[in-house]
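Undergrad: Could you put together the complete structure from these sequences and hints?
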Amino acid sequence: MDGVPRVPEQRRPGSPAEPENTTALRFGVLGPVRAWRGDEPLATGSPQQRALLAALLLREGRTATAAELIDALWGEEPPSQALAAVRTYASRLRKILDPGVLVSESGGYAVRGLADGTLDLTAAQDLAAEAEKARTTGDLCHARDVLRRALALWDGEVLAGVPGPYAEAQRVRLEEWRLQLLETCLDMDLEQGCHAEAVSELTALTAAHPLRERLRELLMLALYRSGRQAEALAVYADTRRLLADELGVDPRPGLQELQQRILRADPGLAEPSAPAAETAPAPVRPAQLPATVPDFTGRASFVRELSDVLSSASGDGATAGRVMAVSALAGIGGVGKTTLAVHVAHLARAAFPDGQLYVDLQGAGARAAEPETVLGSFLRALGTADSAIPDSLEERAALYRSVLDGRRVLVLLDNARDAAQVRPLLPGADGCAALVTSRVRMLDLAGAHLVDLDVMSPDEALALFTRIVGEERVASEREAALDVAGACGFLPLAIRIAASRLAARRTWTVSVLAAKLADERRRLDELQAGDLAVKATFELGYGQLEPAQARAFRLLGLADGPDISVAAAAAVLDLPVEDTEELLESLVDTSLLESAAPGRYRFHDLVRLYARACAERDEHPPSERGAALSRLLDFYLATAAGVYAIERPGDRLVDGLEPTEYPGLTFTDGSAALDWLYSEAAPLLACVRQSVGTSRLRRAVDLLWAAKDLTESGANSHQYETTARAMCDATGAAEDPRAEGRARTTLTNVLLVSGRIQQAAEQAERAMTLAESVRDATAVSWVANDRGLISLHQGRYADGRAFLEQAIEGYRAADNRAGEALSLCNLSRAHLGMGNIAKAVTIAHRGLTAQLDIGRTMRLANGHFTLGIALTKADRHSDALHQFSEALRIFEDHRQRLWQGTTNFRIAEVHLAARRPAQSARHAEQALALGCIGGDRMRGHVLTLLGRSLSGLGQVDRATACWREALNLFQQCGAPQAEEVRALLSPATAA
Numbered sequence: 000m001d002g003v004p005r006v007p008e009q010r011r012p013g014s015p016a017e018p019e020n021t022t023a024l025r026f027g028v029l030g031p032v033r034a035w036r037g038d039e040p041l042a043t044g045s046p047q048q049r050a051l052l053a054a055l056l057l058r059e060g061r062t063a064t065a066a067e068l069i070d071a072l073w074g075e076e077p078p079s080q081a082l083a084a085v086r087t088y089a090s091r092l093r094k095i096l097d098p099g100v101l102v103s104e105s106g107g108y109a110v111r112g113l114a115d116g117t118l119d120l121t122a123a124q125d126l127a128a129e130a131e132k133a134r135t136t137g138d139l140c141h142a143r144d145v146l147r148r149a150l151a152l153w154d155g156e157v158l159a160g161v162p163g164p165y166a167e168a169q170r171v172r173l174e175e176w177r178l179q180l181l182e183t184c185l186d187m188d189l190e191q192g193c194h195a196e197a198v199s200e201l202t203a204l205t206a207a208h209p210l211r212e213r214l215r216e217l218l219m220l221a222l223y224r225s226g227r228q229a230e231a232l233a234v235y236a237d238t239r240r241l242l243a244d245e246l247g248v249d250p251r252p253g254l255q256e257l258q259q260r261i262l263r264a265d266p267g268l269a270e271p272s273a274p275a276a277e278t279a280p281a282p283v284r285p286a287q288l289p290a291t292v293p294d295f296t297g298r299a300s301f302v303r304e305l306s307d308v309l310s311s312a313s314g315d316g317a318t319a320g321r322v323m324a325v326s327a328l329a330g331i332g333g334v335g336k337t338t339l340a341v342h343v344a345h346l347a348r349a350a351f352p353d354g355q356l357y358v359d360l361q362g363a364g365a366r367a368a369e370p371e372t373v374l375g376s377f378l379r380a381l382g383t384a385d386s387a388i389p390d391s392l393e394e395r396a397a398l399y400r401s402v403l404d405g406r407r408v409l410v411l412l413d414n415a416r417d418a419a420q421v422r423p424l425l426p427g428a429d430g431c432a433a434l435v436t437s438r439v440r441m442l443d444l445a446g447a448h449l450v451d452l453d454v455m456s457p458d459e460a461l462a463l464f465t466r467i468v469g470e471e472r473v474a475s476e477r478e479a480a481l482d483v484a485g486a487c488g489f490l491p492l493a494i495r496i497a498a499s500r501l502a503a504r505r506t507w508t509v510s511v512l513a514a515k516l517a518d519e520r521r522r523l524d525e526l527q528a529g530d531l532a533v534k535a536t537f538e539l540g541y542g543q544l545e546p547a548q549a550r551a552f553r554l555l556g557l558a559d560g561p562d563i564s565v566a567a568a569a570a571v572l573d574l575p576v577e578d579t580e581e582l583l584e585s586l587v588d589t590s591l592l593e594s595a596a597p598g599r600y601r602f603h604d605l606v607r608l609y610a611r612a613c614a615e616r617d618e619h620p621p622s623e624r625g626a627a628l629s630r631l632l633d634f635y636l637a638t639a640a641g642v643y644a645i646e647r648p649g650d651r652l653v654d655g656l657e658p659t660e661y662p663g664l665t666f667t668d669g670s671a672a673l674d675w676l677y678s679e680a681a682p683l684l685a686c687v688r689q690s691v692g693t694s695r696l697r698r699a700v701d702l703l704w705a706a707k708d709l710t711e712s713g714a715n716s717h718q719y720e721t722t723a724r725a726m727c728d729a730t731g732a733a734e735d736p737r738a739e740g741r742a743r744t745t746l747t748n749v750l751l752v753s754g755r756i757q758q759a760a761e762q763a764e765r766a767m768t769l770a771e772s773v774r775d776a777t778a779v780s781w782v783a784n785d786r787g788l789i790s791l792h793q794g795r796y797a798d799g800r801a802f803l804e805q806a807i808e809g810y811r812a813a814d815n816r817a818g819e820a821l822s823l824c825n826l827s828r829a830h831l832g833m834g835n836i837a838k839a840v841t842i843a844h845r846g847l848t849a850q851l852d853i854g855r856t857m858r859l860a861n862g863h864f865t866l867g868i869a870l871t872k873a874d875r876h877s878d879a880l881h882q883f884s885e886a887l888r889i890f891e892d893h894r895q896r897l898w899q900g901t902t903n904f905r906i907a908e909v910h911l912a913a914r915r916p917a918q919s920a921r922h923a924e925q926a927l928a929l930g931c932i933g934g935d936r937m938r939g940h941v942l943t944l945l946g947r948s949l950s951g952l953g954q955v956d957r958a959t960a961c962w963r964e965a966l967n968l969f970q971q972c973g974a975p976q977a978e979e980v981r982a983l984l985s986p987a988t989a990a
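Counted from 1, the sequence shown has number 661 at position 662 by numbering that gives the first Met the number 0; the numbering is strictly sequential.
Certain hints may be false.
[To be verified] Calculated cross-link-like contacts (lysine to aspartate or glutamate; reagent style DMTMM-like; alpha-carbon spacing at most 20 Å):
1) 94 / 104
2) 515 / 617
3) 707 / 891
4) 707 / 674
5) 132 / 115
6) 707 / 657
7) 515 / 482
8) 838 / 891
9) 838 / 874
10) 515 / 545
11) 707 / 623
12) 94 / 39
[Claimed, not checked] Here are the simulated distance ranges between beta carbons:
13) 445 / 148: 28 to 38 Å
14) 617 / 595: 21 to 31 Å
15) 445 / 349: 50 to 60 Å
16) 208 / 115: 42 to 52 Å
17) 502 / 304: 45 to 55 Å
It is worth saying that the hints were derived from the structure and are not from the lab.
The C-beta atom is built at its ideal place from N, Cα and C for all residues, glycine as well.
TA: Next comes the structure, spelled out in structure tokens:
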């Protein structure tokens, strides 16, 4: 649809100057007919009186004769006293409204002198006009926002409760306009890549307006772009059948053409159609290149070589715009690969007007950046909404290439591990280019222009040294300066460090610095190969540190995480936070440490290795290394336990954790506590893994347990699972049954959340045996609760009841009120499975009451959620929806995305049970978009429910597509629900 639709048959005549006393009046017709003075509602009288007011308001200042008003209110059969009634209504309205607003004129009436925006309809028209203007100029984001504001002005049925033929005609007109605005808004959603968000709304709209083909067309496109091709084609089949049955016609040509394009997998459907040049939306233009160094020196031949390659894609050479150029720079660490690449990229910026992307791939470290994570970051930088970013690497790479198609973007991939890491990140589009830096030559990167970067020549090294130190200090000591460059191995990073230190010390001469570097005791053996050559440059900076700085450098390098906060660093160093921050900033000044973000710091990967080597060599006593990591683990465990306690007051789990000597942070605000947990996830889990094979193993396992929200929220699930498995192996090897039982308890939780029930059952059984063998009452209760949940998933409700009653008994013995309340809620579900619905409702009420007694925390959401399930089974649909709504609000506040999705699934169940398939389908779509506790198994349940909802709406083909996908998921995970889905499919299969 071109442009934003205007309200049909409306004109906006000018109005006379408005009296001052009318500015506070407001009127509403996009819902019940209402009037306000300021925020105070005014009584607008009987339905006929409201009909008169509506008729005058909708004429927007034009006079309505008495005959017109009578016809508007009563049509062809007015009462005998109709004229008198109109005069009475007008008189009453004058008393309500400000003087001069309702005027008599030429035997009729008019509403005059209203300020702009006084009537909600005119406000909606103004917003729609603003949206049309924004869309015309290419500002789709603003157009969508404004249009959503216009649509928000509708408040139910237009002119609700107002009688008369005029009101009925206006209702039809304004409802048609609202739908046109909705279609336009959804069309812009798809243009902006918000496919997943649009599917839910379009599903509900097509159910409410089944014969509206434009909505069906948008739904097909949204489903196709979401990777749901079978459902998109099923929508067309449902539409064709419906139109034939209801109207005896075929779908319009545009819908038929879309079906054919989907069948052909037309590449043009994979991204929004390119609008005309004058209305094209302005794409997001990333500018992520790091700053180039102002004293860049030498490398002239490399700069020319790389610039020539980039010109092949930039439009400046003979092959302008016809290729995607890739250059890969290789060399040892510290040789200046990044500096050269950034410098060349800045020189080429003008040739890539659509932006520049940058990422440090951390390829030299133990854990290189995952390509799917990088693609997610790139897509967001290019303007793609989070909800439109798919999960898999292949889908993200395909979307990335689609977004870049037609753009001229330069991508700088710094510090790559290998060609396999780089390939998904290459644009693939004509006119784009990529610069890659790595420590290895990428011989297997097809089509890449390979550049081996060696050390600087003596002249280049001297020039760089001179630019940093200053000509006046070097001119008289040229030989000494050459000695400095030689001692640095002509490595740019080493030269920069040495020159910067000299520049900061005005009392030193170049000869003093050269003499220091000549002392081999102060630097590594330069005859070493590979990375040791890089370490030689770091020796210079380290040797010039003050003792406190050197200790901080050594100890901070021991931590495995990708970065470290000031508070965590203070724990490592056993210093106050203020002193720690001062030390870290001084290390940043020496270039031995980087400031990743305010309050966070990181080492370059090679500098970290060097720092550890220094710690092994210089830290005395050697036990201080282990003590530093022990303090860091204590800090994380104490803080995570505090976060857990805030989120779950009354839960005694924290009392059963290993004691800590070093304190953690304390929080009074739950939101700040969660911010800390999620921001520290990567370094926290790294600290757990780093404890393998040490005496810190038990504390590390308990830290993993206290941080269980990292997997239940859907954040960091993969890292958490990897860490849990590593701890299971480590504790087993250490023959520590207490620690191993707890480690397997954390792994059980991960497997439950992801829906791998059989694996969870195996881990839970082993965890129980271990916990019971050492009488670990805390773990026994937790595992009993998990085994109860596993039994419920497997349909073994009596076993589930027994496990949950065991958990309740254990929690009561430990005075763990929160744990008891949780298991009570789960016990309710066991009774539901056994058909004891009344008892299930009673137990769920007990669980919720217990949660309320503890306080309004995240666990309270579980209480509402479980009671909602029980009430659903009891056919108390309204009460169930209330409970689920409360649960959903709490899960949203606590950022539990997977639980939000699961709650939407349960809400969809209620709506379907109440025979409201349209609402059910909408919430099921939201569950699919958010994800659910239970992984692919739960996704199968959601798709089964969505299919039932769509079937209830007559969309049989799309329902069948959902059931087929659900069957495939159930078969993959061995779920018994596969038989149920086969039964649903059997009529369709037979047909």
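Undergrad: It remains to establish, for every hint, whether it holds in the given structure.
TA: Here is how each hint holds up against the structure:
no., hint, verdict
1, 94 / 104, "holds, 18 Å"
2, 515 / 617, "holds, 19 Å"
3, 707 / 891, "holds, 17 Å"
4, 707 / 674, "holds, 15 Å"
5, 132 / 115, "holds, 19 Å"
6, 707 / 657, "holds, 16 Å"
7, 515 / 482, "holds, 11 Å"
8, 838 / 891, "violated, 30 Å"
9, 838 / 874, "holds, 14 Å"
10, 515 / 545, "holds, 15 Å"
11, 707 / 623, "violated, 30 Å"
12, 94 / 39, "holds, 16 Å"
13, 445 / 148: 28 to 38 Å, "violated, 50 Å"
14, 617 / 595: 21 to 31 Å, "holds, 26 Å"
15, 445 / 349: 50 to 60 Å, "violated, 28 Å"
16, 208 / 115: 42 to 52 Å, "violated, 32 Å"
17, 502 / 304: 45 to 55 Å, "violated, 31 Å"
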